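Student: Given the sequences, and given the hints that come with them, work out the whole structure.
Chains as they are written, first to last, in my numbering: chain B, -19 to 715; chain W, 24 to 251.
Because the hints were derived from the structure by calculation, they are not lab data.
The structure displayed is predicted, hence computed values, not measured ones.
Please note that the accuracy of each hint is not assured.
[To be verified] Between beta-carbon pairs, the in silico distance windows are:
hint	chain 1	residue 1	chain 2	residue 2	range
1	W	Trp54	B	Val112	46 to 56 Å
2	B	Gly624	W	Ala249	34 to 44 Å
3	W	Arg81	B	Leu668	58 to 68 Å
4	B	Pro360	W	Glu199	51 to 61 Å
5	B	Val516	W	Tyr171	41 to 51 Å
6	B	Asp313	W	Gly96	29 to 39 Å
7	W	Leu80	B	Asp313	16 to 26 Å
8	W	Glu94	B	Ser422	29 to 39 Å
Where is the CB? At the ideal position from N, CA and C, for every residue including glycine.
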Amino acid sequence: MIDPKTLAQHNLTREELDLIVELLGREPNLTELGIFSAMWSEHCSYKSSKVWLKTLPTGGRNVVQGPGENAGILDIGDGQAVVFKIESHNHPSFIEPFQGAATGVGGILRDIFTMGARPIAVLNSLHFGPPVSPRNRAVMEGVVSGISSYGNSIGVPTVGGEVVFDEVYALNPLVNVFSLGLADKDKIFYARTEAVGNAILYVGAKTGRDGIHGASMASQEFGEETEHKRPNVQVGDPFKEKLLLEACLEVMDRGLIVGIQDMGAAGLTCSTTEMPAKSGQGVAIDLDLVPQREKGMTPYEIMLSESQERMLIAARPDQVKAVREVFAKWDLDAVEIGKVTGDGRLTCRFRGEIVVDVPVHAVVDLCPMYRRPWQAPTEPLPAAAKADIPLPADPGRVLFDLLASPTIASKEWIFRQYDHMVQDNTAFLPGADAAVLRIKGSKKALAMTLDSNARMTSLAPRTGGALAVAEACRNLACVGARPIGVTNCLNFGNPEKPEVMWQFKEVVEGMSEACRAFEIPVTGGNVSFYNDTEGVSIHPTPVLGVVGLIADLDRAVRPGFRAAGDVVILLGESREDFGGTEYLRTVRGTAAGPAPTLDLDREKAVQEVCLRAAEAGWLESAHDLSEGGLAVAAAECAFHSAGGLGCEIEIGVDLRPDAALFGETPSRILVTVKPGRRSALLGLAGELGVPAAVLGTVREKALRFSAQGRVIVDAAVRDARAVWTDAIPRFFDAG
Amino acid sequence: MKFGVVVFPGSNCDADAYHVCAGVLGQPTVWLWHKDHDLKGVDCVILPGGFSYGDYLRSGAIARFSPLMREVGEFAERGGLVLGICNGFQVLLELGLLPGAMLRNKRLKFLCRHVTIRVENAATRFSNRAAAGRVLSIPIAHFDGNYYAPPDTLDEIEAAGQVVFRYAEADGTLSEEANVNGSLHAIAGLTNRRGNVLGMMPHPERAAEAVLGSTDGRVIFDSLLAGA
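Tutor: Here it is as structure tokens:
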């Protein structure tokens, strides 16, 4: 009889247990309960989110594989496909920052190469508490070292991403890792068993007691006892994974296997149920044959371990020997632990006895799905009246304060710890609007970016969801890339709270609307709920990963100013949008709204102007306006220029000067062109109905902004750059 | 010139070196598997960057015991050309084909960035196409690149002109700031006494195509080809 305590430890409800008993026709034993608990956890089953995720657009002519596999796949032409996905590793990274982040990288890479693709890029979206606190610094340093250690060793470049700082992440940092791989379109592999009698091989690292119950841990709120969960966090071995990567790609390339799945969350349980379930078959395995790192492991521990760097392979019996030879060459275990059966069940033997006998379909597909109650918050979100925001006496001071804000400041201290060039594809160094990688043997290039805007999302979830999509696409437009597909990582609080569920619903609807407007398919993603520590939820934080294609890398555009005398033009319209801005937070210490409104038609038109101008070769530089508005965007263009160029800009008198300089109206891009291209660009903008204003020119050495001829900001680029560059290192490199 | 790129378990710049030798330079290039005892008749052996055996012990300390390293040692002894890049440099130090050792970078962090290095000796098989004093922009990516050797050894290698590259400012001057990892004498690359073995921390294979931001690394390969 399963007592309430055991049930609670497995994070299952009484109703869920009743359903399991009905599906089995008997009460599950403890190992079977563990199997259901892992597979029916929020992390594996998406039971609270699936009803909403199903509303996202997933179709498109270029879609080879949509949601439901290890990663999404898009056709990029010339017989090639990109395989990409994003995953959260928030909970493990809070408990043990280094290993949590490291295994986050390891996990997402396995998702990519298990499909037959060689991972060529990693990006990450990191949210931390402000670095002023030593504890936040320790978490940040651990996470950055963990990513660096794993990614650098395995040899996949970490080419970009975002790092955001806000109090709400102090006790619940977010570590979302994205990876993209390149595959031959005709050599893609899936989690299948294919035919009865095929061999089931266990390959890679040995199984230990680490990570038992990781999936259910990621599906609970944290409290003071979180410290005790450290043994639940897995330990990564990038060297082992490098061998596994090479061995797996080799057996795939030689056509020696029929199916493969990574043992990530829920380990052996997940792979031995999902693979046969997708083929309508079963699997019978002998747990005594599973390579084990520790003595005396129980069936429960073997099935639920989340030891890293392991895969499950299905191969034809006549190819087992060849598979084993490849793995032996790479000094890895490859052990036949069972067979594919026709009975639709997972049966596990242990010391001669059957210890697990469950229908795989029930485990994989019959977890109850919930349409959890949702409710908009009854208290209106705080709004700041413009009258309450005094005009800054010294806008130059404000600009420097913004440049020193960790969210805006240079992330060089972080990305220099990542090998961002290995594999010889990195065309744009980190810090550009989007990462750009060349495709060897082709004129084409891939661009990718991760974007979130949690502060806006907390003020207006629906707008925030749409804004994150729009901003990601805008970042791609700035480098000259057209978006081809989306993945997402949705980080939220406890879905059992109706306000959180409301945020989730609103965000998904906003994202859906924006993806439809851009006609880009969502090929998969990840949901991380229960980002609550001691009862406090994080901001709703949808992180969008958008992949784009550049037809001709020679036409890709960089953010840095190119030459003095170039004309500075702002595409899009500025309004007095203060809500949720970095300006308000830095100067007024408040995150009040309202969030700006987003017009998707306008957004698309602005991006189209930028893209066509880039494709025509007119643009000297392009940079998205985001946190810190026009002034920060112009400063960043100066910092990215070679030779310390600045600019002279006239902001006009239509708006309050602080709104013109620091407001965060969406759908705006700052571009520069040679004087001879000016009228062509303005003509194109006019044709597409996009407001375009000539603001000034690129100049040597100074950042100068004036309002109707009166200079209101006059700063040396060198000084501004020093503030921006030193803001993060000064917390770490003291002394 | 026939190049051979050694693959240790954990090598991760092997494909990049292969790409540059075969794809960019158009030279015959072969893989050399660490467990074999066959150099396949190559003219130049490249020990690539990466984390051989995970570098969980000292960097390069285990790779030096790979079966193929016996042949590489004999090849070097006969005057064969050996280029060790990054982890390959560390392996050469562990093998004793080059003097000295590597410590952690001075700021105790992994460091990936473009650096500028000054050509100190333009009369080697690896630098004959670059004028002495020329400054090259080539990326580094390492944790253990802080070169160390005892004072006597430093005197010897300096006197013998074995220092081929030094970390320097873009204008060629030496500075503590430019010596990003804290190497003694700002050494970024050095040869053995005979001049047929070069170890360097910067990655010339990452600076051989304009699309990647610099072609300065080409001069090392061009020098090898010029002497062939």
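Student: Are the hints correct? Go through all of them and say.
Tutor: For each hint, the structure was consulted:
Checked against the hint of 46 to 56 Å, the C-beta distance between W:Trp54 and B:Val112 comes to roughly 51 Å, which is consistent with it. Checking the proposed 34 to 44 Å range against B:Gly624 and W:Ala249 shows it holds: the Cβ atoms sit about 37 Å from each other. Checking the proposed 58 to 68 Å range against W:Arg81 and B:Leu668 shows it holds: the Cβ atoms sit about 60 Å from each other. Separation of B:Pro360 from W:Glu199 is about 57 Å and conforms to the stated range, judged on CB atoms against 51 to 61 Å.
Roughly 49 Å separates the CB atoms of B:Val516 and W:Tyr171, a value that falls within the hinted 41 to 51 Å. Distance hint check for B:Asp313 and W:Gly96: the Cβ-Cβ separation is about 32 Å, which falls inside the suggested range of 29 to 39 Å. For the pair W:Leu80 and B:Asp313, the supplied restraint of 16 to 26 Å holds, since their beta-carbon distance comes to about 22 Å. Taken as a hint, the range 29 to 39 Å holds for the pair W:Glu94 and B:Ser422, whose Cβ atoms sit roughly 37 Å apart.
When each numbered hint is compared with the structure, no violation occurs for any of them.
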